[in-house]
Amino acid sequence: TGVAMMKFKSPPVNSLSLDFLTEFCISLEKLENNRACRGVIFTSAVPKIFSSGLDITEMCGKSTEHYAEFWRAVQEMWLQLYGSNMVTVAAVNGSSPAGGCLLALSCDYRIMVENPKFSIGLNEAQLGIVAPFWFKDTFVNIVGHRVAERSLQLGSLHAAPEALRFGLVDELVAEEKLQEKAAAVMAQWLALPDHARQLTKSMMRKAMLDRLVAHREEDIQNFISFISKESIQKSLRMYMEMLKKKKS
Amino acid sequence: TGVAMMKFKSPPVNSLSLDFLTEFCISLEKLENNRACRGVIFTSAVPKIFSSGLDITEMCGKSTEHYAEFWRAVQEMWLQLYGSNMVTVAAVNGSSPAGGCLLALSCDYRIMVENPKFSIGLNEAQLGIVAPFWFKDTFVNIVGHRVAERSLQLGSLHAAPEALRFGLVDELVAEEKLQEKAAAVMAQWLALPDHARQLTKSMMRKAMLDRLVAHREEDIQNFISFISKESIQKSLRMYMEMLKKKKS
Amino acid sequence: TGVAMMKFKSPPVNSLSLDFLTEFCISLEKLENNRACRGVIFTSAVPKIFSSGLDITEMCGKSTEHYAEFWRAVQEMWLQLYGSNMVTVAAVNGSSPAGGCLLALSCDYRIMVENPKFSIGLNEAQLGIVAPFWFKDTFVNIVGHRVAERSLQLGSLHAAPEALRFGLVDELVAEEKLQEKAAAVMAQWLALPDHARQLTKSMMRKAMLDRLVAHREEDIQNFISFISKESIQKSLRMYMEMLKKKKS
Numbered sequence: 001t002g003v004a005m006m007k008f009k010s011p012p013v014n015s016l017s018l019d020f021l022t023e024f025c026i027s028l029e030k031l032e033n034n035r036a037c038r039g040v041i042f043t044s045a046v047p048k049i050f051s052s053g054l055d056i057t058e059m060c061g062k063s064t065e066h067y068a069e070f071w072r073a074v075q076e077m078w079l080q081l082y083g084s085n086m087v088t089v090a091a092v093n094g095s096s097p098a099g100g101c102l103l104a105l106s107c108d109y110r111i112m113v114e115n116p117k118f119s120i121g122l123n124e125a126q127l128g129i130v131a132p133f134w135f136k137d138t139f140v141n142i143v144g145h146r147v148a149e150r151s152l153q154l155g156s157l158h159a160a161p162e163a164l165r166f167g168l169v170d171e172l173v174a175e176e177k178l179q180e181k182a183a184a185v186m187a188q189w190l191a192l193p194d195h196a197r198q199l200t201k202s203m204m205r206k207a208m209l210d211r212l213v214a215h216r217e218e219d220i221q222n223f224i225s226f227i228s229k230e231s232i233q234k235s236l237r238m239y240m241e242m243l244k245k246k247k248s
Numbered sequence: 001t002g003v004a005m006m007k008f009k010s011p012p013v014n015s016l017s018l019d020f021l022t023e024f025c026i027s028l029e030k031l032e033n034n035r036a037c038r039g040v041i042f043t044s045a046v047p048k049i050f051s052s053g054l055d056i057t058e059m060c061g062k063s064t065e066h067y068a069e070f071w072r073a074v075q076e077m078w079l080q081l082y083g084s085n086m087v088t089v090a091a092v093n094g095s096s097p098a099g100g101c102l103l104a105l106s107c108d109y110r111i112m113v114e115n116p117k118f119s120i121g122l123n124e125a126q127l128g129i130v131a132p133f134w135f136k137d138t139f140v141n142i143v144g145h146r147v148a149e150r151s152l153q154l155g156s157l158h159a160a161p162e163a164l165r166f167g168l169v170d171e172l173v174a175e176e177k178l179q180e181k182a183a184a185v186m187a188q189w190l191a192l193p194d195h196a197r198q199l200t201k202s203m204m205r206k207a208m209l210d211r212l213v214a215h216r217e218e219d220i221q222n223f224i225s226f227i228s229k230e231s232i233q234k235s236l237r238m239y240m241e242m243l244k245k246k247k248s
Numbered sequence: 001t002g003v004a005m006m007k008f009k010s011p012p013v014n015s016l017s018l019d020f021l022t023e024f025c026i027s028l029e030k031l032e033n034n035r036a037c038r039g040v041i042f043t044s045a046v047p048k049i050f051s052s053g054l055d056i057t058e059m060c061g062k063s064t065e066h067y068a069e070f071w072r073a074v075q076e077m078w079l080q081l082y083g084s085n086m087v088t089v090a091a092v093n094g095s096s097p098a099g100g101c102l103l104a105l106s107c108d109y110r111i112m113v114e115n116p117k118f119s120i121g122l123n124e125a126q127l128g129i130v131a132p133f134w135f136k137d138t139f140v141n142i143v144g145h146r147v148a149e150r151s152l153q154l155g156s157l158h159a160a161p162e163a164l165r166f167g168l169v170d171e172l173v174a175e176e177k178l179q180e181k182a183a184a185v186m187a188q189w190l191a192l193p194d195h196a197r198q199l200t201k202s203m204m205r206k207a208m209l210d211r212l213v214a215h216r217e218e219d220i221q222n223f224i225s226f227i228s229k230e231s232i233q234k235s236l237r238m239y240m241e242m243l244k245k246k247k248s
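Chain order of the listed sequences is A, B and C. Under our numbering, residues 1 to 248 are what the first sequence spells out, in order. Under our numbering, residues 1 to 248 are what the second sequence spells out, in order. Under our numbering, residues 1 to 248 are what the third sequence spells out, in order.
Note that these hints are calculated values from the structure, not bench results. What you are looking at is a predicted structure, and each value in this text was computed from that prediction instead of being measured. Just so you know, not all the hints are guaranteed correct.
Chain copies aren't distinguished; within one or between two, either way the pair holds.
To be verified - Heads up, simulated DSS-like pairs for lysine-lysine below, C-alpha to C-alpha not over 30 angstroms straight-line: (1) Lys234 <-> Lys206; (2) Lys30 <-> Lys244; (3) Lys136 <-> Lys117; (4) Lys117 <-> Lys206; (5) Lys48 <-> Lys244; (6) Lys9 <-> Lys229; (7) Lys244 <-> Lys206; (8) Lys136 <-> Lys206; (9) Lys206 <-> Lys229; (10) Lys117 <-> Lys181; (11) Lys245 <-> Lys48.
Can you make the complete structure from the sequences, with help from the hints?
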């Protein structure tokens, strides 16, 4: 049918580690270069979680070189996904904070399971860190400046019904209908001539993609100098401790 | 009363041919230079259609010179209408796809007949073509980035109730109330001092108008090279065939 | 608790005179430099009015030097408030036209008393004058381009329920619950780490603040040349006469 399915299976929470990101980018590039493939549906094989976002262990107590490599991989994921020529649909079957939210926001369409226990949002501020400008721009383009300003400052995670109300996701469906719905949406988008759809998508997104490409090294340096601060390292360690306690 | 009415009467579908556009611009300029005229209401004399948009026959099998002349006329229509000092109200009494939608979007206010059979939208992608950046910017300014991104990629035509929900039109009224409502809206806008209203309008729109003026020749060249492609010509011919079959 | 309350008490209508603005800026700067203070709630001690906006007597029949000094003070208020590192909450307990609306829009969050007799908006056009670009940009960032374009051209004052619908304020509460609600919202915002919240706020607002800083003198000259026009002076005198008659 020309549609691929990419199912995230990196238990326990599909965190975006360097390995995950590398594999994601290789897989996406293969699909991108496969002329038979016109669309991709992203979903999770892990119950209750779509993706927990950037892997905090990659940002804690590592070398400058590691931070640079990791951040370049995060950028690469966004550049490839936001700029993909394929139709990209996120079938969000679980919570999706921070980088997991960015992944969903970078698709063309988002369907979320209508479970109010599942939430989505760019909650970086809660961890004491700040979303980079291209996370912010992606978010503003979807929910508008005001909702973004408030949500980013509060580090809000929006439960599914609120996520729909704010336009963070495009629709909610029952979990058992998710794949059927994703396939139907994909068919609707693929009914358009690829060439016109791709040029239109590029017209909407190119300025933003170009902005990161132009400032890529600077953005990496910003990340390194921010994440290397002792106060930030301490915040992240405390956050990881909290997560561990929560689990046990 | 200082209010003019421009009634489109170019059967069967008020398509924006070179002749139509030329006459539109001459008429609008006359009103603009007439100090007694402070507002214009645009509506259609053709049943069920406001305007079907750019005349496809002007873009099919013609010379490069013709394409250039036609595209310059399309630009001119938008520059004059979007930048008009008068209050401009679209009384949308029928469907309004593509260029017809742009015409309505370029006014200060849009009232649409509440008939769900009437639709409006920038559906260029359905024809295999791409709306130029200034169509896109006009659309984004009205419905926001997210709605625009989705609608443009899908080439959506929105039935009147959905058009209202997305903010594509400002209100719906029964057909028999349309002219009365348009006159009432016009009176409300004309109650403001012209000078302050015009400066405010210019503050909101000048950057966009300047952008096309600065890139006008480039935009014409883009149009010519795009429309001259054999694949695009083929798409348009197929679309015209489909329209003919539909009619008969 | 680290939260200050600034209560406007300049009867009869809390108009933003040069004295008011000067005192406002001195007070805000003191709080900004007080490390114990993390948030400010703005409200009015005058019944039924939050702030009536710029004091028209400062713009009528005065010297060029006076206009320059006054306008610099208006700019300063916005630069300090919009760029504040503290959490800023407007507890809007009365009407808030023009500059009063700007003051509220420059905060992080707006709670308005749910009295439909209280209204808010940038109604400058009604007075025959034009909101400067940074009033407009602040407004657009909150309500979006389309609502801003219409509201600014019509000089609309939105009654509380409509203000909520357009996103001009974030919520409505009964008058007796206003202070309690403001304190609760403040606590929610202060629960975030200051550093991450401040950097996020700056990321959202810095480009706009920089734009005024870069064009500050030009903006003052624009104001002076506009306000010095005899036609504008006449409009303002007529408006003041109307206000006087309304009162008596």
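Hints and how they fare:
Proximity of Lys234 to Lys206 under the C-alpha cut-off of 30 angstroms is restricted to the inter-copy arrangement: shortest distance 27 angstroms between copies versus 37 angstroms within a copy. Proximity of Lys30 and Lys244 under a CA criterion of 30 angstroms is satisfied in neither setting, with 36 angstroms inside one chain copy and 42 angstroms between copies. Taking identical chains as interchangeable, the C-alpha atoms of Lys136 and Lys117 lie at most 30 angstroms apart only when both belong to the same chain, with a minimum of 25 angstroms there against 37 angstroms between chains. Within a single copy, Lys117 and Lys206 get their C-alpha atoms no closer than 35 angstroms, and across copies no closer than 35 angstroms, so neither meets the 30 angstroms cut-off.
Taking the shortest Cα distances, Lys48 and Lys244 sit within 30 angstroms of each other inside one copy (18 angstroms), while across copies they are farther apart (52 angstroms). In this assembly of identical chains, the alpha carbons of Lys9 and Lys229 never lie at most 30 angstroms apart, being 32 angstroms within a copy and 44 angstroms across copies at closest. With identical chains, the CA atoms of Lys244 and Lys206 are never at most 30 angstroms apart, being 40 angstroms at best within one copy and 37 angstroms at best between copies. In this homomeric assembly, Lys136 and Lys206 come within 30 angstroms of each other (Cα to Cα) both inside a single copy, at 16 angstroms, and across copies, at 13 angstroms.
In this homomeric assembly, Lys206 and Lys229 come within 30 angstroms of each other (Cα to Cα) only across copies, at 23 angstroms, whereas the closest approach inside a single copy is 33 angstroms. Taking identical chains as interchangeable, the C-alpha atoms of Lys117 and Lys181 lie at most 30 angstroms apart whether they share a chain (20 angstroms) or sit on different chains (26 angstroms). Taking CA atoms no more than 30 angstroms apart as the test, Lys245 paired with Lys48 passes inside one copy only; the shortest distance there is 19 angstroms, against 51 angstroms between copies.
In summary, the numbered hints that this structure violates are 2, 4, 6, 7.
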